[in-house]
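J.: These are the residues of each chain, in order.
There are 2 protein chains.
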Amino acid sequence: MRKSPFLPNKPLTVAILGSSGAVGCELLKILDERNFPISNLILLSSSRSAGKKVFWKGNEIITKEVVANSFSGVDLVFASAGGAISKKWVESIKKHNAILIDNSSAFRMSEHVPLVVPEVNPEAVLGHQGIIANPNCTTILLALVLSPLNCISNIKRVIVSTYQSASGAGQLAMDELKFLTKKYLEGDPQKSQILPHSLAFNLFLHNSPMLENKYCEEEMKMINESRKILNIPNLKLSATCVRVPILRSHSEAVNIEFENKIYTNEAIDKLKESRGITFIEDINSNRFPMPEDVKEKDNIAVGRVREDLSNPNALELWLCGDQIRKGAALNAVQIAEILLQKNHDLK
Amino acid sequence: MRKSPFLPNKPLTVAILGSSGAVGCELLKILDERNFPISNLILLSSSRSAGKKVFWKGNEIITKEVVANSFSGVDLVFASAGGAISKKWVESIKKHNAILIDNSSAFRMSEHVPLVVPEVNPEAVLGHQGIIANPNCTTILLALVLSPLNCISNIKRVIVSTYQSASGAGQLAMDELKFLTKKYLEGDPQKSQILPHSLAFNLFLHNSPMLENKYCEEEMKMINESRKILNIPNLKLSATCVRVPILRSHSEAVNIEFENKIYTNEAIDKLKESRGITFIEDINSNRFPMPEDVKEKDNIAVGRVREDLSNPNALELWLCGDQIRKGAALNAVQIAEILLQKNHDLK
Chain L
10 MRKSPFLPNK PLTVAILGSS GAVGCELLKI LDERNFPISN LILLSSSRSA GKKVFWKGNE
70 IITKEVVANS FSGVDLVFAS AGGAISKKWV ESIKKHNAIL IDNSSAFRMS EHVPLVVPEV
130 NPEAVLGHQG IIANPNCTTI LLALVLSPLN CISNIKRVIV STYQSASGAG QLAMDELKFL
190 TKKYLEGDPQ KSQILPHSLA FNLFLHNSPM LENKYCEEEM KMINESRKIL NIPNLKLSAT
250 CVRVPILRSH SEAVNIEFEN KIYTNEAIDK LKESRGITFI EDINSNRFPM PEDVKEKDNI
310 AVGRVREDLS NPNALELWLC GDQIRKGAAL NAVQIAEILL QKNHDLK
Chain B
10 MRKSPFLPNK PLTVAILGSS GAVGCELLKI LDERNFPISN LILLSSSRSA GKKVFWKGNE
70 IITKEVVANS FSGVDLVFAS AGGAISKKWV ESIKKHNAIL IDNSSAFRMS EHVPLVVPEV
130 NPEAVLGHQG IIANPNCTTI LLALVLSPLN CISNIKRVIV STYQSASGAG QLAMDELKFL
190 TKKYLEGDPQ KSQILPHSLA FNLFLHNSPM LENKYCEEEM KMINESRKIL NIPNLKLSAT
250 CVRVPILRSH SEAVNIEFEN KIYTNEAIDK LKESRGITFI EDINSNRFPM PEDVKEKDNI
310 AVGRVREDLS NPNALELWLC GDQIRKGAAL NAVQIAEILL QKNHDLK
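Chains L and B, in that order, give the protein sequences. Position 89 (the first sequence) corresponds to 98 in my numbering; numbering is contiguous. Position 47 (the second sequence) corresponds to 56 in my numbering; numbering is contiguous.
Calculated directly from the structure, the hints in this document are not laboratory data. It is possible that some hints are incorrect.
For chains that are exact copies, the list does not tell them apart, and a pair is met inside one copy or across any two.
[As the list claims (entries may be wrong)] Below 25 Å or equal to it, Euclidean Cα-Cα: the simulated DSS-like pairs (lysine-lysine) are:
(1) Lys306 - Lys192
(2) Lys165 - Lys245
(3) Lys304 - Lys187
(4) Lys61 - Lys19
(5) Lys223 - Lys281
(6) Lys245 - Lys270
(7) Lys19 - Lys165
(8) Lys96 - Lys12
(9) Lys304 - Lys200
(10) Lys187 - Lys200
(11) Lys223 - Lys165
(12) Lys304 - Lys191
(13) Lys270 - Lys223
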């Protein structure tokens, strides 16, 4: 049982489980950019990807196959290799007293696992018992706008439609989108291998497993995870998740009904002062957030905040966020930063 | 003043104003396919496009520049050259006692102009005074599902997010999407010329002019036209219209709140028996409508009808429809078919 929720106050031994994927690569980039205190970086993968060379901060690191002993001496593990892999290794990670920041959905709804968007519920991090879950990408982006607005008036109901990029299904899905689009343009359309349908000039409802209520898992994640992050257990939310032919940024059309009327300007002021948000709204030139605006950016972009013509207590807004970055890797690193004692000593 | 609302009971002289655009080309195809009774087809255009040769039913037709006298002897005009052109020639068309079926937004909200989706309000057609308006593409698709469901229980509120193809901005926008995507894939991304932003692996909120309420014209069309077509003057509707990198089919995520609870199966049964709708819903294989399903198809595709988890009196559903076909050209020809006396004699 760990005594302190914090990471040791020294350069850390950090392991990345699933370092060759889109999120893993972004993690490496962000850990470097933000100068995360690392003395030893261990890259772990399946036996298939082991042996791959990665350059990080001028050093060559060879990816190793993950085994039970891989976590010996490790302080912190970032896992982004899927739920099954996280579940497989969680006991080894715990045994070696490393903290796991898990990007999969495996532990998100577990009672003693904080589910954290650092701009929204940073205080939840320190209650961890060795595992902290990184929320689903669409949920992170949504929580960043729901949280500040909920401070003005309680949110009664949210209806959201997503426009999700191929990156949500990983690097191979991004590569497939480019390949299938090229073939389509050459007059030689081909079938998809990675995603269930071709995304070349096409779109489809999210391909996560369907539940009996005819919502898919991705949509249920938005509902359940938003409730946990925002600490609104009965939040009413309905989502339609759609994959669109975009490479790495998600967009969301969000309708939010409040207990009381919120004026548009009040909401805009609040969003503008909120962390993690860049406000993009130029009505005269009809310029609002686009996926291209947030590519490789930390902040999500929000705009087109307007009073819902169908309900005086509701607002409509539009947001875009980089799925790989704020939707996954950046959020995980920001969680880790909360665990650095020095960040708390400074306060 | 015309005495009968019907077209003369004989092969007709038909003029197409704006025959070289995407909708114009589709009109030619559909008039042929449906064997619309035409003895003389006149293709009219701006002076720039005049002289173009078009083959139709084995005959070569040369596009003529539209002038005041162009409508002499014409029984029926299909106009799809934009609102300004329709307004410019409407008096000449009326003077020659031709009936105008107008695809622009110029007359849609005018009091004495029927706005018609033939599966929804065919009876409105015969009240025309020389002009009948073809609704906006997104509205046509939406009205096809709202109308039958409103028969089960009154619709209280609709929230819709659209996924609109480049075709809504015309053939040049479709060509641009293909060109810019090709350049993007070649590592040479270029700026858009036709649409305000590149749609290559990008999307953006609909570029129609913004109103003071921060809804764009496209969204207000959905609100106002739906009210007129469905004859629900106070229908509460909010729309977020988005252009996505799709070539010719629109999709819509629709949330519908009813006065009373409608069970999912009841709604599905109603939609399945409704004209103009193909129901696509295979839950086991996670297969629902996609833009590719409706390409060049008459029917829209509807599926994923489910009880909204955030409101027991609301349903969520998903639809796709060919923007050029049912969203424009086919709907116009179906309106014209109502005006054929023989179709009424047969009843």
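J.: Taking 25 Å as the upper bound on the Cα-Cα distance, should Lys61 and Lys19 be classified as within, between, both, or neither?
T.: Neither: 28 Å inside a chain and 77 Å across chains, both beyond 25 Å.
J.: Between Lys223 and Lys281, at a C-alpha cutoff of 25 Å, which is it: within one copy, between copies, both, or neither?
T.: Between copies, since 18 Å is at most 25 Å while 36 Å is not.
J.: Given identical chains, is Lys304 near Lys191, meaning Cα to Cα at most 25 Å, within a copy, between copies, both, or neither?
T.: both (21 Å within a copy, 20 Å between copies)
J.: When no copy is specified for Lys19 and Lys165, does a C-alpha distance of 25 Å or less occur within a copy, between copies, both, or neither?
T.: neither (45 Å within a copy, 60 Å between copies)
J.: When no copy is named, should Lys96 and Lys12 be tagged within, between, both, or neither for a Cα gap of at most 25 Å?
T.: So Lys96 and Lys12 pass the 25 Å test inside one copy only (23 Å; across, 78 Å).
J.: I want to check one pair: Lys245 and Lys270. Are their C-alpha atoms no more than 25 Å apart within a copy, between two copies, both, or neither?
T.: both (17 Å within a copy, 17 Å between copies)
J.: Within a copy, between copies, both or neither: which one fits Lys223 and Lys165 at a CA-CA cutoff of 25 Å?
T.: Result: close both inside a copy and across copies, 22 Å intra and 23 Å inter.
J.: Tell me, please, which holds for Lys187 and Lys200 at an alpha-carbon limit of 25 Å: within, between, both or neither?
T.: both (13 Å within a copy, 19 Å between copies)
J.: Is it within a copy, between copies, both, or neither that the alpha carbon of Lys270 lies no farther than 25 Å from that of Lys223?
T.: Answer is between: at 17 Å across copies they meet the 25 Å cutoff, but 32 Å inside does not.
J.: For the identical chains here, do Lys306 and Lys192 meet the 25 Å Cα criterion within one copy, between copies, both, or neither?
T.: between (30 Å within a copy, 23 Å between copies)
J.: Taking 25 Å as the upper bound on the Cα-Cα distance, should Lys304 and Lys187 be classified as within, between, both, or neither?
T.: Close inside one copy (16 Å) and across copies (21 Å); limit 25 Å.
J.: Tell me, please, which holds for Lys165 and Lys245 at an alpha-carbon limit of 25 Å: within, between, both or neither?
T.: both (6 Å within a copy, 18 Å between copies)
Of the numbered hints stated above, those contradicted by the structure are hints 4 and 7, listed in ascending order.
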